[in-house]
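> What follows is each chain in one-letter form.
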Amino acid sequence: MNENEVESQLSAMFDGELPAAECELLSRRIDRDENLRSRWSRYALMGAAMRSEPVATARSGFALRVSAALAADLAPKRAPRGRSLVWNTALAATLVAAVAGLSVSMLRDAALGTGTQNGVGALAGVAVAPARAAAVLTNEPAPAAVALEVLNPAPPSYVTPAGSAGAATILRTQLADYIVAHSAYSTPLLRRNVLSELITSEDAMGIVSPHTIAAGSDATRSTSGSSR
Amino acid sequence: MGPDASDLSLVQRVQRGERSAYDLLVLKYQHKVVKLVMRYLRDPADAEDVAQEAFIKAYRALPQFRGDSAFYTWLYRIAINTAKNALAARDRNPVSYELDMHNGDDSTDMVSRLKDPETPEGLALTEEIRNTVNFAIDALPEDLRTAIVLRELEGLSYEEIALSMDCPVGTVRSRIFRAREAIDRRLREVFDGGLGRAEELV
Numbered sequence: 001m002n003e004n005e006v007e008s009q010l011s012a013m014f015d016g017e018l019p020a021a022e023c024e025l026l027s028r029r030i031d032r033d034e035n036l037r038s039r040w041s042r043y044a045l046m047g048a049a050m051r052s053e054p055v056a057t058a059r060s061g062f063a064l065r066v067s068a069a070l071a072a073d074l075a076p077k078r079a080p081r082g083r084s085l086v087w088n089t090a091l092a093a094t095l096v097a098a099v100a101g102l103s104v105s106m107l108r109d110a111a112l113g114t115g116t117q118n119g120v121g122a123l124a125g126v127a128v129a130p131a132r133a134a135a136v137l138t139n140e141p142a143p144a145a146v147a148l149e150v151l152n153p154a155p156p157s158y159v160t161p162a163g164s165a166g167a168a169t170i171l172r173t174q175l176a177d178y179i180v181a182h183s184a185y186s187t188p189l190l191r192r193n194v195l196s197e198l199i200t201s202e203d204a205m206g207i208v209s210p211h212t213i214a215a216g217s218d219a220t221r222s223t224s225g226s227s228r
Numbered sequence: 001m002g003p004d005a006s007d008l009s010l011v012q013r014v015q016r017g018e019r020s021a022y023d024l025l026v027l028k029y030q031h032k033v034v035k036l037v038m039r040y041l042r043d044p045a046d047a048e049d050v051a052q053e054a055f056i057k058a059y060r061a062l063p064q065f066r067g068d069s070a071f072y073t074w075l076y077r078i079a080i081n082t083a084k085n086a087l088a089a090r091d092r093n094p095v096s097y098e099l100d101m102h103n104g105d106d107s108t109d110m111v112s113r114l115k116d117p118e119t120p121e122g123l124a125l126t127e128e129i130r131n132t133v134n135f136a137i138d139a140l141p142e143d144l145r146t147a148i149v150l151r152e153l154e155g156l157s158y159e160e161i162a163l164s165m166d167c168p169v170g171t172v173r174s175r176i177f178r179a180r181e182a183i184d185r186r187l188r189e190v191f192d193g194g195l196g197r198a199e200e201l202v
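In order, the protein sequence lines correspond to chains S and V. The letter at position 174 of the first sequence is residue 174 when you use this note's numbering, and the numbering goes up by one with no holes. The letter at position 194 of the second sequence is residue 194 when you use this note's numbering, and the numbering goes up by one with no holes.
Any given hint could turn out to be false.
As the list claims (entries may be wrong) - Selected chain S positions facing chain V (in silico; Cβ < 7 Å):
| id | residue |
| --- | --- |
| 1 | Ser11 |
| 2 | Met13 |
| 3 | Glu17 |
| 4 | Leu18 |
| 5 | Ala20 |
| 6 | Asn35 |
| 7 | Ala49 |
| 8 | Met50 |
| 9 | Phe62 |
| 10 | Val66 |
| 11 | Ser67 |
| 12 | Ala68 |
| 13 | Leu70 |
| 14 | Ala72 |
Rather than coming from a laboratory, the hints here were simulated on the basis of the structure. Just so you know, even glycine gets a beta-carbon here, dropped at the ideal spot from N, CA and C.
Only chain S is shown next, with the shape it has when bound in the complex (with noise of 0.2 Å):
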């Protein structure tokens, strides 16, 4: 196409003569060819001038101004969605945290019998209940992690290879893995920070090897028998 027939086909397009296709290409041609474009801008002023249309009125560049106008009215509403994203992630990670921490104050109150009435009851049931059925389904002192493997498997781990033991050894797989589900939604120095507190606490509690579960598994049952 010569460039005679382009700006004729500018001049019907002008005049909302041009098939809307034909329309679409051109525009597009517009877009990336400054002499058109001015073209099209005199096509505008030489109609104006014959109409007695305020023709001065692009000297102060009007159409430069709306444009700019319109890309500073639409920059800072792009602005506060960026803000929001930051401000949902640290909230979602503060959240997680929060549930995190307190799960793992809840956790070491109970293995060091601290807790509130209620706390220490409920985890001491979580943690002696299976236990004892454990000893009942294999009528002999099973380990407490094969017997609990047996009564609740775990869902997959995505931090703790199996063979972990103990109720509130499942507890903090369980809370590990929601940190990590959830990890897209904190900062690597708080997943630390949290997983940091889980390792403390696993310390703190002295249950951290199944070994450690299994010379404990005596005492439990003589605390589980004479809480009878």
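We have chain S already, so just place chain V on it with the hints.
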């Protein structure tokens, strides 16, 4: 094919998020909208501000434009409402308007003067452009002059012009294009003739 076919095409591009298409609509209708607003606000600088606001409002409302009416009809309605609102706001705040008019701020006054098409410079430029266009039209062959006048002054479609001039639509399209080319050559001579200020128009 209606006179709004190309406008609708541009509108659809804007609705798809291509803002550059809206620039062409602004370039096409800026003179008409400013003239329309000046019926309500006599001050040309105020009229330009209100016209600018009208274009911005129209842009924001474009996602809701369904093409039930022609784009320019819809745009004019927005411009008239914006002008009426501006007039009402001015009536509610006559004191601040007076202060704005007499605050003696030279920089504001200069901006206003530069924007004002009715300053001596603006009027001279307007006159120069009108004369150039009129001389160019007078110099056109009869068939080209008739075609461009029927189109620009009477607002007839190509089909209506073809009926009026008893020729094919393709011929009308060609005549209007050739008329515009002839006028455009004269305009560019004005722009290139050392009148740098005229270049700012396009």
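> Each hint needs a verdict: does it hold in this structure or not?
Here is what the structure says about each hint:
no., hint, result
1, Ser11, "holds (4 Å)"
2, Met13, "holds (5 Å)"
3, Glu17, "holds (5 Å)"
4, Leu18, "holds (6 Å)"
5, Ala20, "holds (5 Å)"
6, Asn35, "violated (11 Å)"
7, Ala49, "holds (4 Å)"
8, Met50, "holds (5 Å)"
9, Phe62, "holds (5 Å)"
10, Val66, "holds (5 Å)"
11, Ser67, "holds (6 Å)"
12, Ala68, "violated (10 Å)"
13, Leu70, "holds (6 Å)"
14, Ala72, "violated (10 Å)"
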